[in-house]
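K.L.:
Sequences and hints are given; from them, build the entire structure.
2 protein chains.
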Amino acid sequence: MRFVIDAMGGDYAPEMPVRGAVNAVKEFGYEIVLVGKEEEINSILKGYSFPKEKITIVNATEVIGMDEPAALSVRKKKDNSITRGLQLLKKEEADAFISAGNTGAVVCAATLNLRLLPGVDRPGIAVIIPTLAKPCMVIDVGANIDPKPLHILQYGIMGDAYSRHVLGKTSPTIALLNIGEESTKGNDFVKEAHLMMAESKLNFIGNIEPKEVYEGHADVVVCDGFVGNVFLKVSEGFAYAGAELLKRELKASNIITKIGAFLALPAFKAIKKKVDAREYGGAPLLGVDGRVLISHGSSDEKAIKNAVRTAAEYINQQVNVHIVEALKIY
Amino acid sequence: MRFVIDAMGGDYAPEMPVRGAVNAVKEFGYEIVLVGKEEEINSILKGYSFPKEKITIVNATEVIGMDEPAALSVRKKKDNSITRGLQLLKKEEADAFISAGNTGAVVCAATLNLRLLPGVDRPGIAVIIPTLAKPCMVIDVGANIDPKPLHILQYGIMGDAYSRHVLGKTSPTIALLNIGEESTKGNDFVKEAHLMMAESKLNFIGNIEPKEVYEGHADVVVCDGFVGNVFLKVSEGFAYAGAELLKRELKASNIITKIGAFLALPAFKAIKKKVDAREYGGAPLLGVDGRVLISHGSSDEKAIKNAVRTAAEYINQQVNVHIVEALKIY
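So the protein lines, in turn, are chains A and B.
Heads up: the first sequence begins at 10 in my numbering, then just goes up one per residue.
Heads up: the second sequence begins at 10 in my numbering, then just goes up one per residue.
One copy or two, it doesn't matter: identical chains are merged, so the pair holds either way.
Taking lysine to any residue and the SDA-like style, the derived pairs with C-alpha atoms no more than 20 Å apart in a straight line are:
#1 Lys143 to Leu255
#2 Lys260 to Lys282
#3 Lys143 to Tyr249
#4 Lys283 to Glu258
#5 Lys157 to Lys200
#6 Lys63 to Leu97
#7 Lys256 to Lys281
#8 Lys178 to Asn325
No lab work stands behind these hints, which were simulated from the structure alone.
These figures come from a predicted structure and were not determined experimentally.
P.N.:
Structure, rendered in C-alpha cells:
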C-alpha cells in the first residue's frame, strides 16, 4: 500500500507530517509519498534514518494556510500540496491521502479531484471519539455546514458501513444528535432528518443528547457539520479550560494539596492515554471516491503515523465498496 | 418585590422549588407566591419555619411534565402551574416568574401570556457561564431553535443591555459563536448574522470559537438556540464524563494514587465552587414583556434561591426598559 501525506498541512508542518511519515515507514513498512516543498522536506528527512526507497517526495510549490478561504485557495493555488497529493490518488499512484491541513480546502479539493461515490450528495468527516463505554463515530463534524436532511441519512448509511467493516460492529446503532430525546424535539431540520432515518433500514435508535453520546449509547451519531464541529470544539475547549483551571487552582494551593495532586498524577495520565485524540490519527472523509483522511491541525508525529494505520484499515476493509452497495439498498 | 415560583417545575419538584422559596424568604425577605398543587406545597411547607405572611400559594391543578410537547401541553392543560404563574405577572400581582420546569413550555406560555417587548421578534434564553477570565452571557441557549439572522442581532442588543445594566460592563464585547474566527467562516446563517452585527452599533468583536468563549474573550456570545443548547449540553456531558472517568480510574488505582487524590480534593472542591451552575440560579428569558427566569431542570433549593436574587437584579436595573430603548437606536 502507498500513502500520500500532505507535508505542508497542520500547525506543525512540515516537521510533524515528515516525522510521522518516517515513523509509519519504520513501524508498518508501507510506502509513503510526501507532497510539499521538496527542499524543506529533504532538510527534515536528513535528520532521520529509514529505508530510503520507502519515502518519495512529490514537489508542490504552494501551501494553503490553515485559515485561508478554502474554495478560493484551491482554485488560485494550482500547485498546492493538497491538490497535488489528491491527484496522485486520482491517477491511482497511491491508495490514500492524509492531511492535517486546512479542512475546508481538503474537502473542496477532494470533491473536485476525486468526485463523489455514486449515491452520495455530500462528503462527511467521520471522527471517532472515546466515550465511557465504546468508541463512537460522529459524522459530520465539518465537511458540510449547510446540509439537507437527506445528507444526514447518507451519513448514517456511510457511518453504518464503516462501523460494520472497520470497527467490527454487527448491527451498529445509529442516533441523531439533538437537544432532546423525543422525536418531536429539535428544529425543523433535525425533525425532517429524524423522519428519513426512521424510515430507512438502518438500526436507528432515535435522537441522542450530548451526554448520552459521551455515555456511549450509540455506535454512530449523525449531525449537521456545523453542529458536529461545535460539538467537537466545545469538548476541546472545555477540556482545555478544565485543565487550565486545575493548574491555576493547584498553583494557589497549599503544599499538602500539591503533594496529593502529584501522587494522583498516574490516574490523570491513564485517563489522558485513554482519551488520546491521536489514537486514530485521522478522520475519514466518507463519500469521496477515494480514501482521504483529515487529521487534527495540531497533529504530531504519532497522530500522523496512526492516521496511516487507520487509512490502511479503511483500504483493507473496502469501505467505499460497501458504502456504494449500502446506498443502493437502504 | 413579589416573586412567583413554579412549585411543580424541575426534576426535584415540588420539594426543591418550595425549599428554595423558603430560603429566599428567610435570606432576602421578599414575598413569594408558590404556584402548583396546593396540598403538596402545604405538606412540604409544614416542615419549615419562616414568616408565614411572606409565602402565599396559588393553586394550579395541572402539571406540564419535563418532556411533554411544549405548545400542545400549554394549550391543553389550561390550569398548569406555568400559565397560572405567568398570569399573575400579567395582572401585575407579581414582579417576576421563576421556573425549573419544561423550558419549551415556559417560553411558549410566556410569549402567549406576556407578549414580546416592542422591537423584539423572538425571546432568547440568556445564560451566564463561568470562563477562565470573567462570566460570559450566552444567548440564545434554546428558546428559539429555528431563528432568523435578525433574531441573532436582537439577542446581541438584549445581551448588551443586560450586560451593561446588571453585570456592570461599560462597553460589553459581543461575539458570534462560530466554527472559525474569520468573517468568511461558517454556514449561510451565521454569515448573514455576522453582516448584520457588524453593521450595528454594538461593540461587535466578530466570530468566536468555543475555546475562546471558555477563555473569556467576550462578554456576550450570541447564537442560534439549537447550537447554543448543544453548546451547554456538550459542556455538561463532557464534565459528567470527565468526572466519571476520574472516579473509575481512581477506583482501579493503587493506594498511593488514591491517597494523592484524597489530599488533592480541596483543589477540586474549589473549582467546583467557582464553576457552580447554581450561582445565578436562573437564566433570564430576554425579550418577553415581563421578567421570566428559567432555571436548570436539576435545580436544588440553592439554585432556586439564587434565581430569586438574579430576578431582583433584573427588576432593579430595569433591564426591559433599557432593551426597548436600545432596540430603537442600534
